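With the hints as a guide, bring the two chains together.
Which chain is which? The protein sequence lines are E and V, in order.
First residue of the first sequence? That's 738 in my numbering, and the numbers climb one at a time after it.
First residue of the second sequence? That's 11 in my numbering, and the numbers climb one at a time after it.
Hints in this document: simulated from the structure, not taken from any laboratory.
Mixed in with the good hints there might be a few duds.
Unchecked claim - List time: in silico DSS-like cross-link candidates among lysine-lysine, alpha-carbon distance up to 25 angstroms:
id, chain 1, residue 1, chain 2, residue 2
1, V, Lys-534, E, Lys-917
2, E, Lys-760, V, Lys-42
3, E, Lys-808, V, Lys-696
4, E, Lys-827, V, Lys-696
5, E, Lys-827, V, Lys-650
6, V, Lys-527, E, Lys-917
7, E, Lys-808, E, Lys-760
8, E, Lys-987, V, Lys-42
9, V, Lys-653, V, Lys-42
10, E, Lys-1075, E, Lys-1062
11, E, Lys-808, V, Lys-653
12, E, Lys-927, E, Lys-961
13, E, Lys-827, V, Lys-704
14, E, Lys-973, V, Lys-527
15, V, Lys-327, V, Lys-26
16, V, Lys-806, E, Lys-808
17, V, Lys-494, V, Lys-26
Just so you know, these numbers come straight off a predicted model, no measurement behind them.
Okay, here's what each chain looks like letter by letter:
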Amino acid sequence: MQSPDIPAVRDALLKRFDSLDDKSSILKAPELRELFGAIKNQPAEKRGEFGAAVNALKVELEQKLADVSEKAQELPPIDVTAPFDMNAPKPQLLPAQNGTVHPLMRELDSVLDIFYRMGFTTVESREIDDEFHMFTALNFPAGHPARDEYDTFVTKQADKNGEPLVAPAHTSIMQHRILKEQGGLLEQGKPIAAVIPGRVFRNEDLDARHEHTFYQFEGIYVDKGIHAGNLLATFKTFLSEYYGQDIQIKSQPFYFPFTEPSFELALSCPFCQGKGCHICSNTGWIELLGMGMIHPNVLKQAGVDPEIYTGFAWGCGLERLVMMKYGIEDIRHFESAKLDFLRQFA
Amino acid sequence: MKVSLNTLRFYQDTYKWAGDLAPDGIDALVEKIGAQLGAVEEVEDMGAKYRDVIVARVASCENHPDADRLHVCKIDDGGVVEHLERDENGFVQVVCGAPNVREDMFVAWLPPGATVPETYHHEAPFVLEARALRGVVSNGMLASPKELALSDEHDGILEIDTDAKPGESFAKLYQLDDHIIDIENKMFTHRPDCFGFMGVARELAGIQGQKFTSPEWYVTQPEFPKANVEELALEVKNEAPELVPRFTAVTMRNVKVEKSPMWMQTALLRLGSRPINNVVDYTNYIMLLTGQPLHAYDYDKVGTGKLGVRLGHDGEKLNLLNGKEATLTKDDVVITNGEKAIGVGGVMGGADTEVDENTKNIIIECANFDMYAIRRTSMRHGLFTDAVTRFNKGQSPLQNLAVLAKIVDEIRQFAGGKVAGAVVDDNHLPDEMRERGSVHASVVTNTEFVNTRLGLQLSTSEIKTLLENVEFVVNVVNEDLTIKAPFWRTDIEIPEDIVEEIGRLYGYDRLPLVLPKRDTTPAKRNVLLDLKSQVRDVLSRSGANEVLTYSFVHGNLLDRAGQSRDMAFQISNALSPDLQYYRLTVLPSLLDKVHGNIRAGYDEFALFEIGKGHSTEHLNDDGLPIEFETLDLVYAANDKLAKPGAAYYQAQGLLTELTDKLKIRVEFKPLGGELVGQGSKPFDPKRSALVYVKDTGIALGIIGELKPSVRKALKLPVHTAAFSLGLVDVLRCIQKSADGYGYEPLSRYPGTAQDVCFRVPDTVSFAALEACIQPVLDAQQVTARLQAIDIYKAEKSTDKQITFRISMTNYDKTMTSDEADQVISAVIKKAQAELGAVVV
Chain E
738 MQSPDIPAVR DALLKRFDSL DDKSSILKAP ELRELFGAIK NQPAEKRGEF GAAVNALKVE
798 LEQKLADVSE KAQELPPIDV TAPFDMNAPK PQLLPAQNGT VHPLMRELDS VLDIFYRMGF
858 TTVESREIDD EFHMFTALNF PAGHPARDEY DTFVTKQADK NGEPLVAPAH TSIMQHRILK
918 EQGGLLEQGK PIAAVIPGRV FRNEDLDARH EHTFYQFEGI YVDKGIHAGN LLATFKTFLS
978 EYYGQDIQIK SQPFYFPFTE PSFELALSCP FCQGKGCHIC SNTGWIELLG MGMIHPNVLK
1038 QAGVDPEIYT GFAWGCGLER LVMMKYGIED IRHFESAKLD FLRQFA
Chain V
11 MKVSLNTLRF YQDTYKWAGD LAPDGIDALV EKIGAQLGAV EEVEDMGAKY RDVIVARVAS
71 CENHPDADRL HVCKIDDGGV VEHLERDENG FVQVVCGAPN VREDMFVAWL PPGATVPETY
131 HHEAPFVLEA RALRGVVSNG MLASPKELAL SDEHDGILEI DTDAKPGESF AKLYQLDDHI
191 IDIENKMFTH RPDCFGFMGV ARELAGIQGQ KFTSPEWYVT QPEFPKANVE ELALEVKNEA
251 PELVPRFTAV TMRNVKVEKS PMWMQTALLR LGSRPINNVV DYTNYIMLLT GQPLHAYDYD
311 KVGTGKLGVR LGHDGEKLNL LNGKEATLTK DDVVITNGEK AIGVGGVMGG ADTEVDENTK
371 NIIIECANFD MYAIRRTSMR HGLFTDAVTR FNKGQSPLQN LAVLAKIVDE IRQFAGGKVA
431 GAVVDDNHLP DEMRERGSVH ASVVTNTEFV NTRLGLQLST SEIKTLLENV EFVVNVVNED
491 LTIKAPFWRT DIEIPEDIVE EIGRLYGYDR LPLVLPKRDT TPAKRNVLLD LKSQVRDVLS
551 RSGANEVLTY SFVHGNLLDR AGQSRDMAFQ ISNALSPDLQ YYRLTVLPSL LDKVHGNIRA
611 GYDEFALFEI GKGHSTEHLN DDGLPIEFET LDLVYAANDK LAKPGAAYYQ AQGLLTELTD
671 KLKIRVEFKP LGGELVGQGS KPFDPKRSAL VYVKDTGIAL GIIGELKPSV RKALKLPVHT
731 AAFSLGLVDV LRCIQKSADG YGYEPLSRYP GTAQDVCFRV PDTVSFAALE ACIQPVLDAQ
791 QVTARLQAID IYKAEKSTDK QITFRISMTN YDKTMTSDEA DQVISAVIKK AQAELGAVVV
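Just chain V, with the same shape it has in the complex (with noise of 0.2 angstroms):
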């Protein structure tokens, strides 16, 4: 929302608005606007780009002497310009090439030293200086309304259309030394009244404390000048008053339409808006003071006398405005000549009825539309209009009237029109807002509750005049207040719309900053958050790295890892296709980011990540998905590494590492064929495991290497292996392991150990040899522990040799070799009699 200071000053000096503007200058009123208002978003300082500008009078304007198309003016600055060649009238010669210069005439002159307006933002502005045209010389040049960055127009020079003295600043001539804060519209969303700048400079003086008073057309009921002409008969039809709940117009005839003064020109301009012709002009300076948009029809092109409202057809097609062709749906609210489409409600006019040049009689209207359905229309199209940015903030309807009377009131004195018929209201509020005269009830309230939610002590009287200044009604009983907002206040329902109000009003950059008082409870703390600390922890010391992948992922990753797409929650409006859906689990885009990093020149690592999935198969109570939150990481190798042994065993290697910081003791188990879950479907059966905790059965997650598809499809090295575990199942049995499994007291004797070697079927797995030494060991007196070294297989053997230490202490003696020697030979007696076993 663009606000012109100049705009502002005037009406504020003119019309008594409210106080000084800027007591404290500009800058500090930036910086109240930005703490009580909304964020500025720019303050530009119009008035540097016209400082050079100069009124003069062309004196004197005789056809140059070598060619045609030029003058040779001697113009009349007054005698301001300092440092000029002068004539003996003190008159400087200026060539200029405009077919509509003349004696007498008032021009913008732009002398030697200023900068061309047009170019001020240029990269390298083009500064004027004396210089020969075709022999003659010309100090300067008079400008073009383009030149002086006012319009596209450049087919003569800017003639000044008001009283005017040669040498006065062509800036303040048209209040062009002006400032334009730019506040951003974001910061209105729930106050359209601010869409206008009226409303803002009534902010401006509530936040400064001042009190402003709304000018008498905006506030008292309005009268409608009788039609003394022949009427212009108008009928209105609203079929959609659910969506347009009031649209008044009126008929005017025998309006002059014409390009409009140059004053009204640049207010436009410095409010960000474009002149077009006067009746247009003038119905946007309306709408940009007071928020609420008009449109004006052409009344004999819309032929029929008749406007109606009511939805679009599918299909059906309206020239628009703006040259382009809009294919309406059923759910645009259209207006209508009672035959055909003429515009799109509260968005754009159509081509057809627009007012131009010709135009003798018009219809001008004021309506309010349902602020969804017109930002619905709005994106559908693609048509942001100012019309939109106000519309779709829920223009308060009731100000129609007050508006509509202004415009007709503008247009009569400006444009020429007798007013040529009644007013048309159809209205279709409910009877409370029309009879209370406000959007909303009253609010009561109480200032205690308004100091409580503000942290200050404010007085009753205090809040009363605060409100006041920005015209809401307060009564007052004892500390209890009644609040009627103004009309034009859609935003205020309930007790906290006024806490806000008063905060706002009064700055909230004088709230005392005080901390919440609490008792000394600990706050909780969350194991969950702490278990993956811990987890990233001990991974990232482990030499992995930790990754943070999308949630999403494209349905192909999904194929390429062997997981099915049905289970996975669709996204139905992404604006990628490598969103289509939401991961069933993390690790296929762990895998996913394998290929990218090898090329990137890392030969060796591993990826982490601590994420959830989701399956349209496990919803919870709710009929939520559950959130399965995992820890999944992938190792993988370069083959040209050619690692000995498998990668299952490096990825075991680091699960191990995790699972013994976190004192849980795991064991691998064989995956023993295809499994369901979609977890698993990456892992190649044959060398992945189910990693439980021992002796309790509970299940953390899979562990393994990755299907021959898999890897071809996600360009995997072979030499890669994966895991996934279930964090809140890792969290249970931290909490359930928090005793026993720990620490071990030192012996003071000494222990001894010795390696035993046993050849095994190579059927015998690992896991089933240490199962059968281990109650040997645990059935010892002295302590012995089990620590696999070795594992070799003689080409194509069918037996193994695993070779374990064991390791033994007495905590009561120092242990003898024969006490060794007996705990050996039990071992290898049970291992001989269960699994065949052969000492070697």
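Pulled out of the complex, with its shape left as it was, chain E reads as follows (with noise of 0.2 angstroms):
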């Protein structure tokens, strides 16, 4: 038996596709069923080699379809130039009652305003920064935990110091530059008083409690004199002002590089007055943040004499305050962009 054609019958299925108005139909066409039928019938030593050619040219026909139908994806031009569609209305606005704000940014709105009013500044932090702002700008001596890789997000790619980027672990990369940027304002008299949100990373698994990119606020305020007792005092003013009741705040010695001393803070549960309940988990206080007295090194290293100025900062988290004030169950929402989580904050 002869066997049949295979390049004549390509040339003429292909010929057949063009004109076909059903183009999937030319899979079914008969004599690809017949070429399929005719392997078995080949001479063993050609049979491979026969039924090789046989199925490329289904899959060359399976290629063109699939070219065909993306182009059929394709929609014709548009004028762009135009208000609104040919033979189509004027599109409305969605309905405004649908339209939200993300609760952490009215949250931080709120946060900024209350700091705005007294006194500070807002300057944004940024998303990718170097070693030097990272660690080094803020006392991290060589070789400390915080520098390895274990907690903190670093490029592949380098910077001119041939170190890689890094993904701030926290909103204090910016103290530097912000020191050196207003530096003199102090010697006007004036103090540097800004507040600086941003969004921060940590290389951590996710769970409800953690995510590994999230929001803090920072603060920072220099001037000459400037003690423990106003770092203090300004958080619990600022925390009476947000909460909108007497907040009574609790500091604990802590330990962190850029500063010296250094505290952590603690408020009066602001939802049962302290007295206990769920959010508390039943003690009365509410651990919130850190905070502390700048270092001198860090001063220094931008520019500032820290026998003459003295100042404090603060690191808080955002999306904590958000979750307490409202319930919220799961960090993990925050940034899942699911619309049954964020039209609940209109």
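Structure follows, in structure tokens:
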């Protein structure tokens, strides 16, 4: 028996393809079926080669079909300069009642507003930075654990010193820059007072309480004669204004390389007035943030004389405030972009 | 760091370290620790668990009549437990199955009604009662160490090994009536001395205004007994002095290794450690006391009389004490016997040289290791030991000999060992440190410096006392203070460290809470933030939802959006593949969130985000990536809604709503083909536009529908469109357009309006027609406005019809229809002449 002529069948099928209305029917063409049927009749030594050729033809037809359907997905050009489409009404905005601002951003606005009223300007943080601003400028000694890669995301790409860039683990990366840029204020007898919101990143596994991406608002205040009592008073004042009630604070000694002395601050639970509830785990207190007097080495590196000027800094997480306020059970909702979540904050 | 109050009390009372430990009660002490030392994680009332356990003497012990393994005992509890059946001697009958029970033994008895300590924290604790065992009544039970939650031992009952009286409280006997205060370790990151309970005791004295006095053996030059037995030679060769600045060791002969006495076992348990044997237990105890880890080797198993310190070889194997095998690296500090590794320095000993019950001769090591090297080795091998917890804080290298002398002394007393050679002290510390006897040089400061930074008015003598309470040496000349930190303090380097010391010892809760004072200069507004707030306002009022999405994306999101991975910053150490790259632009993250929301039942919505993109191609002068902050929005409608018209115009409607409110006039220009910018890659060039500010030519961004490939890859409905605007550019335009574009005065006279429908070839764009007409209107005496109201194209036609409403107002008089007609005809004339428009 003579073997069928594959190139001839191919030519015929390709020709027919162009004229078909239902392009997908090409795969059901009887010629193709006959070719497949003929495989088993080929002499054993030729069977493999023949089968491969038949299959190649089928793959080619399938690809052609895919190309055509991709083409079919393409839409015709439109007049992008027009305010609405042809033969269509002018589009309406979406229903205003569905619109929402992200709860974190709304909360940040109110936080920044309080600090603005207290005399702090806002300087936003960066999302990618270098080792210098992340560690060196903040008095992290070489070899400090925070510098190794267990906690901090680093990039494959290096900076001009050959060091990897880092995803900031705290908004303190801006301290050096602000002290440097606003150092002139001190000479005019004015304080440096800035609050620094931004995204920060920690190389952590996710769960309901841990995110690798979250928001902090840092604050710094530098002037002559600034002391630790000023720091505690500033935050007590902020918290009382934020919660609209008199908040008590409790400081616990802590250690950060970039502040000395350092504290962790707890506030009396604003949800039960310190009586004990599920939010404060029945302790009446909520541990909230780290703070301290800016380390003289940090001031010095930014050109501020620590003998003359002193200052304080804090770094506070934003998500926690919002989660406590609304009883949000899972921190991962914030960056989920789920409308089920977001539209509850209209 | 677990602290046992009974242990501290014992030292305070017996050795007069300081005054009363908790003069105002435990709660007040805990409160004070939180405020002035560090956060307290937990306070465990250990005594509660042992409240019912009574010391008893086995008065008689006979075999059970019906059970081979059981004994019937009469026990003497001194008659302290009431309401029990007693025999004529006043003894109580208890059945016991332990093989070691015998007459005259002192035991721990759990009477009926007592809770078995082992089950104390269980959901349903086991409470004993009087019940018959094979027909003989047993009043409670005699307890094994396991049942007492003291160890895993359950082969027999616990035998009391010290003088005791029947009826005595078992808890009191072994000081189990204890409170364990667990202070968070992270508080002591820079305080290695507080990883020993002596260090904590010193701080407790300090914060309560008491003077602490360290024991003699700790603060004086130690003397080691001369070897009066046959010497055990020891040679130490340190090849890594930069990582092991000090290595001290001594040999001891004829040690009797056995179980530690019960008081030692319970002391370790209370401090969170597990008893093993007396030698190991004493070394652990001294570590818990001083913070200095120690290690004991079996001298004969070491076999060479040598200890070597060197870096490991990659791939070198070592069997560890925990039963696992470590594969060492060239970054690990290794202890050797001169030939092969026998321990991971400062982390964990090796199994081959372990001290066990057959050990006779030992080497005790008391060394210092580089804290960062210890931490890296610990993380690398997943080894987290008590030694690591201490060494990775950087123990003072000035206490080794005192601690070594102390452990030698303990082992002589309690394990019968004899010193068998001179102490080896391989010391690579700088000469200055050795000479001054403190880790850092003295700090010079003054009273005013301290007071200014704390807002206090302490006197020089108050400051001096606070410091001297915790054993600083303070020299005062007028108000200048020269302060020498004690040798165990590694954290006192600069005057600010003294400020923190004073603040803490005095009490931060006593600082004056006063706000900083400043003049009334207003704080500067951040105009970019104000813009963002306004954007959020306008878009949310337009029905859009603000979202936040991660700055990091999976590489395949870049692929699906048609963007290039090559330009994206790559994260090299992410735990999850979802965080491989910094995103190039915000939009792909938004597109990625469309499908899920449609599946969740939302048929039409707009998501927007204000966020940053980064590209390796755009760096600033410092070599850091420029952060492009954009406003990105995606509008999508489920295709089953069959919305009329292209989605593009929906997105455009939202964009112009925003720019109108920001008072920026924009125009849209066709893309005209594929662009190079990564931000443009998801957009379909045939159905997208660049957004420009009218008249200024400033480009604000891009708007359009998505490429079919992008739609398919991200499962987007056909009816999807998006835009992306550069926020800094928008801000620039707002600042520029602050004047001139806004209010229009009202006319006292009524205006008029006419609709005109132009037929133009389909190739004439809307903008072209508008641009043709607008100058005619601008040139009129009257104020004329143009508004498109309809665009129509018949099927298969090559023309389209655009209807405008032209509204005219005259500020000086009422418009007549003639005047209006003149305007309209001028408009028509120009459109006809320039574009061949036909009025229909």
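Right, here's what the structure says about each hint:
With a CA separation close to 17 angstroms, the supplied pair Lys-534 of chain V and Lys-917 of chain E stays within the 25 angstroms bound. A threshold of 25 angstroms between alpha carbons decides the hint, and for Lys-760 of chain E with Lys-42 of chain V the separation of about 83 angstroms lies outside it, so the pair is violated. Taking the CA atoms of Lys-808 of chain E and Lys-696 of chain V, the gap is about 13 angstroms. The hint holds against a cut of 25 angstroms. For the given pair, Lys-827 of chain E sits about 21 angstroms from Lys-696 of chain V by alpha-carbon distance, which is consistent with the 25 angstroms threshold.
Note on Lys-827 of chain E and Lys-650 of chain V: the hinted pairing holds, with a Cα-Cα distance of about 20 angstroms set against a maximum of 25 angstroms. Among the hinted pairs, Lys-527 of chain V with Lys-917 of chain E is consistent with the structure: their alpha-carbon atoms are about 22 angstroms apart, no more than 25 angstroms. Only pairs whose Cα atoms come within 25 angstroms are accepted, and Lys-808 of chain E paired with Lys-760 of chain E is accepted, the gap being roughly 13 angstroms. Our distance criterion of 25 angstroms between C-alpha atoms is met by Lys-987 of chain E and Lys-42 of chain V, whose separation comes to about 11 angstroms.
Simply put, Lys-653 of chain V and Lys-42 of chain V have alpha-carbon atoms about 67 angstroms apart, too far for the 25 angstroms limit, and the pair is violated. Between Lys-1075 of chain E and Lys-1062 of chain E the CA atoms are separated by roughly 19 angstroms; this keeps the pair inside 25 angstroms, and the hint holds. For the suggested pair Lys-808 of chain E and Lys-653 of chain V, the alpha carbons sit about 22 angstroms apart, so the restraint of at most 25 angstroms is met. Distance check on the hinted pair: Lys-927 of chain E and Lys-961 of chain E sit about 9 angstroms apart at the alpha-carbon level, within 25 angstroms; holds.
Simply put, Lys-827 of chain E and Lys-704 of chain V have alpha-carbon atoms about 22 angstroms apart, close enough for the 25 angstroms limit, and the pair holds. At most 25 angstroms may separate the alpha-carbon atoms for a hinted pair to count; Lys-973 of chain E and Lys-527 of chain V meet this at roughly 16 angstroms. For a cut-off of 25 angstroms, the pair hint linking Lys-327 of chain V to Lys-26 of chain V is broken: about 48 angstroms separates their Cα positions. Distance restraint check for Lys-806 of chain V and Lys-808 of chain E: the Cα-Cα separation of roughly 21 angstroms lies within the 25 angstroms cut-off, and the hinted pair is therefore satisfied.
The hinted pair formed by Lys-494 of chain V and Lys-26 of chain V meets the criterion: a straight-line CA distance of about 24 angstroms does not exceed 25 angstroms.
Comparing the model with each numbered hint stated earlier shows that hints 2, 9 and 15 do not hold.
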